[in-house]
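Novice: One letter stands for each residue in the lines below.
There are 2 protein chains.
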Amino acid sequence: MQTTPTATEPATPADICSAPARRHPRPDGQDRYTISEVVAFTGLTAHTLRWYERIGLMPHVDRSHTGQRRYSNRDLDWLDFVTKLRLTGMPVADMVRYAELVREGENTYDERRALLESTRRDVLTRVAELRDTLAVLDRKISFYATEGNTR
Amino acid sequence: MQTTPTATEPATPADICSAPARRHPRPDGQDRYTISEVVAFTGLTAHTLRWYERIGLMPHVDRSHTGQRRYSNRDLDWLDFVTKLRLTGMPVADMVRYAELVREGENTYDERRALLESTRRDVLTRVAELRDTLAVLDRKISFYATEGNTR
DNA sequence: GGCTTGCTTGGAGTGCACTCCAAGGTCATA
DNA sequence: TATGACCTTGGAGTGCACTCCAAGCAAGCC
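In order, the protein sequence lines correspond to chains X and G.
The first sequence begins at 1 in the working numbering and counts up by one.
The second sequence begins at 1 in the working numbering and counts up by one.
It is worth saying that the hints were derived from the structure and are not from the lab.
Among the hints, erroneous ones may be present.
Cut-off 30 Å, straight-line C-alpha distance, at most; resulting in silico cross-link-like pairs (DSSO-like, lysine-lysine) [to be verified]:
id : chain 1 : residue 1 : chain 2 : residue 2
1  : G       : Lys84     : X       : Lys140
2  : X       : Lys84     : G       : Lys140
3  : X       : Lys84     : G       : Lys84
When you get a sec, could you build the whole thing from the sequences and use the hints?
Specialist: Right, here's the structure in full:
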C-alpha cells in the first residue's frame, strides 16, 4: 500500500483554545486518533467514516479496549486518497473494489494499476470537459460584462 | 440570451440509413425537432427532457397542433449550455435559478454574470483538485508499474 | 381498419451517497 | 462520583437527479 509517512499541514485549527489542547494537528500525535479527530482532519463526518467501514472501504480500523475506533496515520493516508478519488467522481463501489484488491495483497498490482489508469483517463476527460465549459462561461461572462452595462 | 446560430458537428450518425432518412444531424433540419431527435442530439433521455421542463429548466418548448413537443435550435443551444453547466457539478436548482433570470429579461444581467462568475470559480477549483488527484494517481501508477512487475 | 411506433401526463420508484436516530456504553474533568 | 461530551450499533430516513410506469392519444403504413 506504499504508505509514505506524509507530514500534513496544520489543517483547520478549529476550537484549539477552547478545550484543553485537543491535540488536533496530525503531525505531533502518535498513531491513534479518535473518530472526532479524524473528522477534524478529513472533513468527513463521523457518520460517513463509520459508513465507509461498513461497506468495506476502510481496511479494518483498530479499536481501543472498550471498542472505540482508533485511527492510525496509515488510515488517515488511506482516507486522504479515498477523498481524492471521490472528487474525481469515481463511484464508491469502484473504490470498494480497489480496497478489496489492496486487502488481497501484492498479486493484485496489475489490476490495481489498470483501475487507476482507467480513473486517470476519466480525470483527463473531465479536465478537458471543464476547460470547454470554462471557455463557454468566459464568453457569456464577457458578454454580460460589456453588453450588460445596464443601469 | 445571446444565442449564436452555432453550427454543430454532425454528431452521432446513429441509424441514419435504416429509417426513411430520419433527419438526425442538426444543421440540415429546420427549426422543429421531436423529442426523440433531441434525445439523439443531446444524449439526454426523453424523461430527463420532460423533467427539465417541469422543473422550469427549459424556456417553454413549442408544441405541434396535437400537443407534441417541437424543439427549436435555440432550445438545443440552451440544452447544450445546461449540459455543460451540469458537468461542472452545478446543482440543478442553481441552473433553474439561472433560467428564471433569463426569463426575467435584460435587467438581470448583473445577477446572471455574478452567478456565472461564481460557477467559473468553482470550475477552476475543481480543475485544481483534479490536477492534484492526477499527481497522486501518477505516483501510484508508476509505483505499480515498476515495483509491481510480479509474475 | 388494424398494427406499430411515438408521444403525452401525473405520480410513483430508483440508486447513490450519505445522514440521522434511539438507546445505551465510555471517558475526562470538577 | 457526577456531569457532560463523546462513542457505539443497526436500521431507517433524506436529498438529489433522474427513471419508470400506466393509461391513453396520435401518426404512418399495409
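Novice: Run every hint past the structure and note whether it holds.
Specialist: Here's how the hints hold up against the structure:
no. : hint               : verdict
1   : G:Lys84 / X:Lys140 : holds (13 Å)
2   : X:Lys84 / G:Lys140 : holds (13 Å)
3   : X:Lys84 / G:Lys84  : holds (23 Å)
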